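Trainee: Sequence:
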Amino acid sequence: MSKKNQIRTHTLARFMLYVLGHRPDEFGLVPDSEGFVTYKEFLWAVHEEPGWGYVRKGHINEVLFGEDKALFQPKEDGIRALDRRWRIDLENPSQFPPKILFVAVRRRAHPVVMEKGLAALEGKFIVLSSDRGMAERIGRRRDQKPVVLEIMAASAKEVGVPFYAFGNLFLTDQVPGRFINGPPVSKKDGKSSERKREERGPDFEAGTFVLDLNRDPDPSRRTKGKKQKGWKEEARKIRRRKRH
Numbered sequence: 049m050s051k052k053n054q055i056r057t058h059t060l061a062r063f064m065l066y067v068l069g070h071r072p073d074e075f076g077l078v079p080d081s082e083g084f085v086t087y088k089e090f091l092w093a094v095h096e097e098p099g100w101g102y103v104r105k106g107h108i109n110e111v112l113f114g115e116d117k118a119l120f121q122p123k124e125d126g127i128r129a130l131d132r133r134w135r136i137d138l139e140n141p142s143q144f145p146p147k148i149l150f151v152a153v154r155r156r157a158h159p160v161v162m163e164k165g166l167a168a169l170e171g172k173f174i175v176l177s178s179d180r181g182m183a184e185r186i187g188r189r190r191d192q193k194p195v196v197l198e199i200m201a202a203s204a205k206e207v208g209v210p211f212y213a214f215g216n217l218f219l220t221d222q223v224p225g226r227f228i229n230g231p232p233v234s235k236k237d238g239k240s241s242e243r244k245r246e247e248r249g250p251d252f253e254a255g256t257f258v259l260d261l262n263r264d265p266d267p268s269r270r271t272k273g274k275k276q277k278g279w280k281e282e283a284r285k286i287r288r289r290k291r292h
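Using this note's numbering, you'd call the opening residue of the sequence shown number 49 and step up by one each time.
Calculated directly from the structure, the hints in this document are not laboratory data.
It should be emphasised that the depicted structure is a prediction, and the values quoted were computed from it without experimental measurement.
Even for Gly, the Cβ is constructed at its ideal location relative to N, Cα and C.
Only true hints are included.
Calculated pairs, SDA-like style, for lysine to any residue (alpha carbon to alpha carbon, straight line, at most 20 Å):
#1 Lys164 x Gly225
#2 Lys172 x Pro224
#3 Lys123 x Leu112
#4 Lys88 x His107
#5 Lys88 x Tyr102
#6 Lys123 x Gly106
#7 Lys117 x Ile55
#8 Lys105 x Thr86
#9 Lys117 x Arg56
#10 Lys52 x Lys105
#11 Lys52 x Asn109
#12 Lys205 x Pro146
#13 Lys88 x Gly69
#14 Lys172 x Tyr87
#15 Lys105 x Ala61
#16 Lys147 x Asp221
#17 Lys117 x Gly83
#18 Lys164 x Arg154
#19 Lys52 x Glu115
#20 Lys193 x Arg155
#21 Lys51 x Ala61
#22 Lys105 x Gly83
#23 Lys117 x Tyr66
#24 Lys88 x Val103
#25 Lys193 x Gly181
If you anchor each label on the Cβ, the simulated ranges turn out as follows:
#26 Arg155 x Ala118: 40 to 46 Å
#27 Asn53 x Asn229: 45 to 51 Å
#28 Asn109 x Arg180: 33 to 39 Å
#29 Gln192 x Ala118: 35 to 41 Å
#30 Phe63 x Gln192: 21 to 27 Å
#31 Arg180 x Asn53: 37 to 43 Å
Work the whole structure out from these sequences, hints included.
Mentor: Next up, the structure:
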C-alpha cells in the first residue's frame, strides 16, 4: 500500500472510531445491543458527511486488515468499535423529554401513521430527534422526500409512553396517533394507502434505528391473486382520459 493510501486508510479508521465508538447518535445511528451497526446503515451515514462519499465496503476492509484493525470487530453484515464510549440505557426513560420531537416517515406510510400511530417491530425502536434536520436526514435513507412529523413527546410521556435518551436521539417503541402532528393527508392519498394496506398488510412498524414502515417480515401474508397493473397500463388510462 502506498504512503498516500496508508494515510487515507488511517484517517478513515479514526473517523470510523469516532462514529462507532464515540458518537453514533451524531450521525443518526443506533447500534444494536452488542454495539454493531450494519455496513449498509454505516455507509448511508458516512456518505452524508462532506468528503466521505467515496467510502465503500472495500475501504472498510482495508481498515480491518491494516494497522488499526484492533480497534474494530467485524461480522458478516456489520461492524462495531471495541472501545465504546456510549451507552443506551433502556431501563430508565427520560423524565423530561423535549416537548416536541421529530420523525420522518415514508410518503406512502404517512396516511397510516397519522391514523394508527407508530409501532416498532418486536425488539426494535422508533428513532426520534429533537432536531428536525436530523430526523429528515434519517428519513431520507428510506425515502428521498420523507414526510417530517412532530411528536408531542412531553404529552405522550404523561400517559406512559417511554422515551429513552441516546445522545441527541430518543428511542421509543410506540407513539399513539393522537400525539402526532403533520401535514394533512389528502383523500386521494388516504384511499391509496388504505388500498395498499389491504394488499400488503400493516405498514406502520419501525425498524432498528431508522423507520421501515412498510416491511412485513412474514412472507405468508403477501398478497396473492390478480397481478397489479404496471406503469404502462396506468399511462394508457391517463391518455384515454385526456382524449375525452
